[in-house]
Amino acid sequence: MRAMAESTEPLLRLRGISKHFGAVQALYGVDLDLPAGQVTALCGDNGAGKSVLTKCIAGIHQPDEGEMFWEGRPVQIRTPNDAANLGIETVYQDLALADNLDIVQNMFLGRERLSGIFLNEDSMERAAGETLAGLHVTTVRSIRQPVATLSGGQRQAVAVAKAVMWNSKLVMLDEPTAALGVAQTRMVLDLIKSLKDHGLAVMVISHNLNDVFEVADRIAVLRLGRMVAQEPIGNFDFQSVVDFMTTGTSGRDVMTSGAPSN
Amino acid sequence: MADSDELGADAASGVTPAEAPAAEDLTAVSVEVPPEIVAQSLGQYLRAWSARVRGGDAGILPVAVALIAVVAVFTAISPHNVFLSTRNLVNLFDQSAVFIVLAMGEGFVLLLGEIDLSIGFVAAIGGIVTAQLVQPTYDWPWWAAFAAGVLVCALIGAVQGTIITRLRMPAFVVTLAGYLIWFGVMIVLLGAAGGVGITSTQFQNQQVLYGIVYSYIDPVVSWIGLVVLVAVLGGAMWLRDGSRRRSGLVAPPVGLTLAKIAFIAIAGVVVVAICNANRGSILPIVGVPWVLPLVLVVLTAWTLLLERTQFGRHMYAVGGNAEAARRAGISVARVRTLGFVLCSATAGVAGIIYLSQLGGMTTNINGGQLVLYAVAAAVIGGTSLFGGRGRAIHGLLGGLVIGAIYNGLYLMGLPIQWQLIVTGLVLLAAVSVDSLSRKSGGGARV
Chain C
3 MRAMAESTEP LLRLRGISKH FGAVQALYGV DLDLPAGQVT ALCGDNGAGK
53 SVLTKCIAGI HQPDEGEMFW EGRPVQIRTP NDAANLGIET VYQDLALADN
103 LDIVQNMFLG RERLSGIFLN EDSMERAAGE TLAGLHVTTV RSIRQPVATL
153 SGGQRQAVAV AKAVMWNSKL VMLDEPTAAL GVAQTRMVLD LIKSLKDHGL
203 AVMVISHNLN DVFEVADRIA VLRLGRMVAQ EPIGNFDFQS VVDFMTTGTS
253 GRDVMTSGAP SN
Chain U
75 MADSDELGAD AASGVTPAEA PAAEDLTAVS VEVPPEIVAQ SLGQYLRAWS
125 ARVRGGDAGI LPVAVALIAV VAVFTAISPH NVFLSTRNLV NLFDQSAVFI
175 VLAMGEGFVL LLGEIDLSIG FVAAIGGIVT AQLVQPTYDW PWWAAFAAGV
225 LVCALIGAVQ GTIITRLRMP AFVVTLAGYL IWFGVMIVLL GAAGGVGITS
275 TQFQNQQVLY GIVYSYIDPV VSWIGLVVLV AVLGGAMWLR DGSRRRSGLV
325 APPVGLTLAK IAFIAIAGVV VVAICNANRG SILPIVGVPW VLPLVLVVLT
375 AWTLLLERTQ FGRHMYAVGG NAEAARRAGI SVARVRTLGF VLCSATAGVA
425 GIIYLSQLGG MTTNINGGQL VLYAVAAAVI GGTSLFGGRG RAIHGLLGGL
475 VIGAIYNGLY LMGLPIQWQL IVTGLVLLAA VSVDSLSRKS GGGARV
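Protein chains in written order, with this note's numbering: chain C, 3 to 264; chain U, 75 to 520.
Worth flagging that the hints you see were computed from the coordinates, not collected in a lab.
Note that the structure is a prediction, hence the values are computed from the model and not measured.
C-beta: ideal position from N, C-alpha, C; glycine also.
Check the hints yourself; a few may be wrong.
Claimed, not checked - If you only want the chain C side, here are some residues facing chain U, beta carbon under 7 Å, derived:
no.	residue
1	D84
2	A98
3	L99
4	A100
5	D101
6	N102
7	G112
8	E114
9	F120
10	L121
11	D124
12	M126
13	S144
14	R146
Unchecked claim - Which chain U residues face chain C? A few, computed with CB under 7 Å, are given here:
no.	residue
15	R382
16	Q384
17	R387
18	N395
19	R401
20	A402
21	I404
22	G462
Kindly generate the complete structure, drawing on both the sequences and the hints.
Below is the structure:
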């Protein structure tokens with residue numbers, strides 16, 4: 003079933019992306035596909051280039067070489083604004099929420115709705131409530147409570163909801179469950195599945211293979227700046243992902259001996 | 075008038091969280107939510123509120139308690155209960171007005187997590203510019219002189235703010251330099267005479283400025299004004315809360331809306347009644363001094379700016395988490411610079427009130443003490459020194475506490491040193507409350 007989705011043009015296709023910082027080569031000709039309606043997990047050890055690749059897509063870094071295709075069209079993403087205009091939103095690990103503002107205020111931060119010269123609180127509150135309800139985020143007591151009063155999982159949910167509010171098509175999440183306990187992790191994983199069900203392309207950067215196997219449809223493994231594996235999840239098991247991350251190859255040869263995917 | 079705006083529906087700005095989410099798990103249940111956004115009735119609201127106070131987040135309570143305590147102590151110990159006489163209460167407000175407006179100005183930069191040490195002397199410059207422009211040599215209309223004084227201060231704020239944000243220099247140092255520079259400029263502006271007065275009865279424009287503190291609104295007009303004010307404010311609150319309740323949005327319970335409107339009405343009646351009682355000893359003196367509506371205009375304007383506009387929202391965001399604001403596309407440098415402009419411009423208004431209160435400006439103006447009282451008043455009122463929390467009303471409440479201490483100790487004939495010591499102790503108490511609420515509530519701030 004996943005093979006069908008693979009055959010169509012992915013939402014974002016990267017080909018031969020290279021990036022260096024001075025003498026340090028961070029990415030070597032990386033290819034990556036991010037199909038709509040699927041969760042792609044980006045795995046790799048520290049320093050593998052996950053953050054650099056993410057920032058290239060988010061418009062924070064510009065690749066030195068390579069091409070990007072958005073819905074089949076070649077594009078160049080030079081600034082975070084370019085990324086936002088295409089519909090790419092990134093949820094960074096520190097979430098970038100203002101603790102002293104409430105949920106609605108955070109979700110609309112920088113893009114407030116106005117009526118005349120004043121803020122249109124009613125309209126923003128309604129839209130924020132609808133977005134949260136659409137993502138099945140129901141644990142917050144009031145969307146007017148300050149973000150400082152939220153639990154870690156709820157904060158993550160607000161950050162994700164903020165990212166999907168703007169008709170985004172691709173959401174990238176950096177270590178979304180790193181700081182969370184069991185119940186909160188459950189909630190965030192459900193949230194990620196719900197993004198997928200809404201037809202968004204999702205890229206999750208994660209070290210936690212439990213989470214990756216729970217939520218991802220595809221896994222892409224970076225090692226020392228090179229893409230060493232990119233397959234539907236059924237072609238991997240825990241050990242093979244770890245092998246790819248640490249050695250760049252898998253002795254088990256996932257393509258033939260891995261669990262059958264379909 | 076402590077609750078003169080619709081706090082309930084838009085509470086984030088003034089609210090400190092009672093409990094911080096730790097890095098690991100916390101269930102939603104254990105986290106205190108501001109009572110006004112979840113309570114369904116007035117009784118529930120009061121219960122939730124008292125739970126929150128016990129939990130360490132006292133909101134506006136400390137300053138209310140402080141104000142009542144200061145008034146009670148001075149009423150008890152002032153000779154012949156003169157502290158609570160109508161004459162002294164009006165006098166107390168006149169004296170507090172400078173601290174109140176200065177504190178509202180300082181509030182802008184404290185909200186951003188910055189500080190401005192120069193506004194005492196910046197205020198003096200504003201007062202002097204205005205005073206000079208209504209002297210016979212220039213003879214500007216009073217309103218033009220008023221505007222020019224405020225504008226000069228705004229320019230000073232723009233220069234200081236630009237240096238701080240564009241050259242990335244610490245506000246503490248830049249405004250400390252400003253403190254010295256404007257102290258010097260003040261002496262230069264006052265020239266060989268060492269002072270400038272505005273009490274000459276020959277000049278109408280001087281009389282108007284002098285009359286900010288020393289002329290009074292006709293009692294009938296002040297009662298009509300109060301009725302209009304309560305009707306407009308109460309009506310706006312009632313309609314807004316009602317429409318939000320009907321649309322299923324977060325809104326305070328009906329009882330709370332009514333209680334707030336009633337509180338505003340009662341407070342207004344008490345204030346106007348005090349001002350309209352005869353306080354003259356030989357000739358009758360009645361009426362609300364013009365400085366009171368002036369303070370209310372500043373309070374209303376800055377409350378609307380901070381809590382109802384996009385710019386105000388961005389100020390809270392920059393004060394709460396500058397990095398989040400930057401990533402949201404907000405120009406942090408612009409917001410910071412404008413914060414310093416607003417701070418200094420507001421100080422200019424305070425300087426003109428001071429000019430009116432003193433009847434002129436001299437080289438004796440103690441701008442250092444003024445700015446320290448302004449910071450103290452803002453913090454006593456509930457503004458956080460650490461940024462992200464503060465409202466215009468905090469300046470009003472804190473300024474009244476400072477003014478009451480100043481006035482009460484003066485009535486007792488105690489010398490200045492006691493006033494300094496008591497004010498310092500009150501400030502220490504206020505900062506402790508601020509730090510404690512931050513320790514228990516703001517730990518999650520990035």
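To see whether the hints hold, each was checked on the structure:
1. D84: D84 of chain C check fails; min Cβ-Cβ to chain U is 13 Å, beyond 7 Å.
2. A98: For A98 of chain C, the interface hint holds, since the closest Cβ of chain U sits about 4 Å away, which is under 7 Å.
3. L99: holds (6 Å)
4. A100: Holds, about 4 Å.
5. D101: Interface hint status for D101 of chain C: holds (5 Å vs cutoff 7 Å).
6. N102: holds (4 Å)
7. G112: Check passed: Cβ of G112 of chain C comes within 3 Å of chain U, closer than 7 Å.
8. E114: holds (5 Å)
9. F120: holds (5 Å)
10. L121: Holds, because the Cβ-Cβ distance from L121 of chain C to chain U comes to roughly 6 Å (cut-off 7 Å).
11. D124: At 6 Å from the nearest chain U Cβ, D124 of chain C passes the 7 Å test, so the hint holds.
12. M126: violated (10 Å)
13. S144: holds (5 Å)
14. R146: holds (4 Å)
15. R382: With a closest approach of 5 Å, the R382 of chain U hint holds.
16. Q384: holds (5 Å)
17. R387: holds (6 Å)
18. N395: This interface hint holds because 4 Å falls under the 7 Å limit.
19. R401: holds (5 Å)
20. A402: holds (3 Å)
21. I404: With a closest approach of 5 Å, the I404 of chain U hint holds.
22. G462: holds (4 Å)
Hint check: violations occur at hints 1 and 12; the rest are consistent with the structure.
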